[in-house]
Amino acid sequence: DARVTQTPRHKVTEMGQEVTMRCQPILGHNTVFWYRQTMMQGLELLAYFRNRAPLDDSGMPKDRFSAEMPDATLATLKIQPSEPRDSAVYFCASGLGPPNTGELFFGEGSRLTVL
Amino acid sequence: AQKITQTQPGMFVQEKEAVTLDCTYDTSDQSYGLFWYKQPSSGEMIFLIYQGSYDEQNATEGRYSLNFQKARKSANLVISASQLGDSAMYFCAMREGRGYSTLTFGKGTMLLVSP
Numbered sequence: 001d002a003r004v005t006q007t008p009r010h011k012v013t014e015m016g017q018e019v020t021m022r023c024q025p026i027l028g029h030n031t032v033f034w035y036r037q038t039m040m041q042g043l044e045l046l047a048y049f050r051n052r053a054p055l056d057d058s059g060m061p062k063d064r065f066s067a068e069m070p071d072a073t074l075a076t077l078k079i080q081p082s083e084p085r086d087s088a089v090y091f092c093a094s095g096l097g098p099p100n101t102g103e104l105f106f107g108e109g110s111r112l113t114v115l
Numbered sequence: 001a002q003k004i005t006q007t008q009p010g011m012f013v014q015e016k017e018a019v020t021l022d023c024t025y026d027t028s029d030q031s032y033g034l035f036w037y038k039q040p041s042s043g044e045m046i047f048l049i050y051q052g053s054y055d056e057q058n059a060t061e062g063r064y065s066l067n068f069q070k071a072r073k074s075a076n077l078v079i080s081a082s083q084l085g086d087s088a089m090y091f092c093a094m095r096e097g098r099g100y101s102t103l104t105f106g107k108g109t110m111l112l113v114s115p
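These protein sequences, in sequence, are chains L and D.
At position 87 of the first sequence the residue is numbered 87 (the working numbering), and the sequence of numbers has no breaks.
At position 30 of the second sequence the residue is numbered 30 (the working numbering), and the sequence of numbers has no breaks.
Quick caveat, the hints were computed from the structure, so don't treat them as lab data.
Below, a sample of chain L positions facing chain D; criterion: calculated Cβ distance under 8 Å:
| id | residue |
| --- | --- |
| 1 | Phe33 |
| 2 | Gly42 |
| 3 | Leu43 |
| 4 | Leu45 |
| 5 | Phe91 |
| 6 | Gly97 |
| 7 | Gly102 |
| 8 | Glu103 |
| 9 | Leu104 |
Only a predicted model underlies this, so the values are computations on that prediction, with no experimental measurement involved.
A virtual CB, placed ideally from N, CA and C, is assigned to each residue, including glycine.
So here's chain D without its partners, still in its complex pose (with noise of 0.2 Å):
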């Protein structure tokens, strides 16, 4: 089974407006961390956002927020206000485990902000 799903291949969104991007996950885990990458067409991975699964409140980073929905073990990141420069691709990633561990990616979607 993955690990990480990420559904939607690709989306568009109009600028200003705000847009879902969706991630499911899947770990027997108690303990684990969820993080969402940023890779626009330069092709540098950028970190956004993680949400622990201890943490009570969803994540919060200036427009990016995450809905973390434990019980249907989806973290779904929110990109309010959306703007041309958030055009590229967004990974979700999972950390299992309290101790060292790797991240497990997603396939990603991409996302596309027209004017």
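Isolated chain L, as found in the complex (with noise of 0.2 Å):
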């Protein structure tokens, strides 16, 4: 049962700290997608990968979060260093492009709480 995985499911650290989220995409999907939840923001897009190449990570701030795709298994997302406001949860979503639909398969999510 193919699953797009996601580590870690919970983290908890203190403000200042390095956090890396890491993603497993499906294997042979071509699209990898950052989204954050918040109850006040909802679903937001932090970054996005078509073929490993970064196309769209406007939606991240640029000074404190990073994203790459080292090779097709694996998305990183690092925030350095990390804020209580970056609370939240995390989604890794990926997916395949056209004649596809562009249905999105999400990971169960990594729930990030910085104090």
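Assembly of the complex is requested from the two constituent chains, each provided in isolation within its own frame, with the hints serving as guidance.
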């Protein structure tokens, strides 16, 4: 059963610490997305990769966030230094481009709490 | 302007009844796709149904159907014969354009199904 795998599922850290979240997209998918979910803002796009190349990271605070795809099986999202306002659930999703519908398959999310 | 608007923060329905969750969208593209996702309390995002802008028939998937009214730019989700397990957050989302694109999500509607 193919699925997007995210680690860690839960992370509690102190302000100023580095946080790295990892995602294994579904094998064969060529698009990978990072979304952040908060009560106030809902689901916000942070970064978007196609064939491992970053296409859109306009939603990501550049001074502290970075997203990479070192290979087709791994996407990472780093926050350095973390701040309390970064507390959220971070979702990774993968999908296929045209001619497919563009449906995204989501991981279970990484719940981050920054104290 | 918001791309996706879900005006119902919460909805209540009795088991076995039908319920409609509203979604309106804003785009100038002729080609686009509309999606509904379900997020139960466990947190995962589950794809429910898809409607393409050129699809002439309303999409259906089991108990889910999408009431697509293109001129009104609405894509309401209809759940027939509600079940207790349908209690969840429901998100409407849109992909714009024919090519590779991101999904933009609405703020969601919380559905509670009572016995």
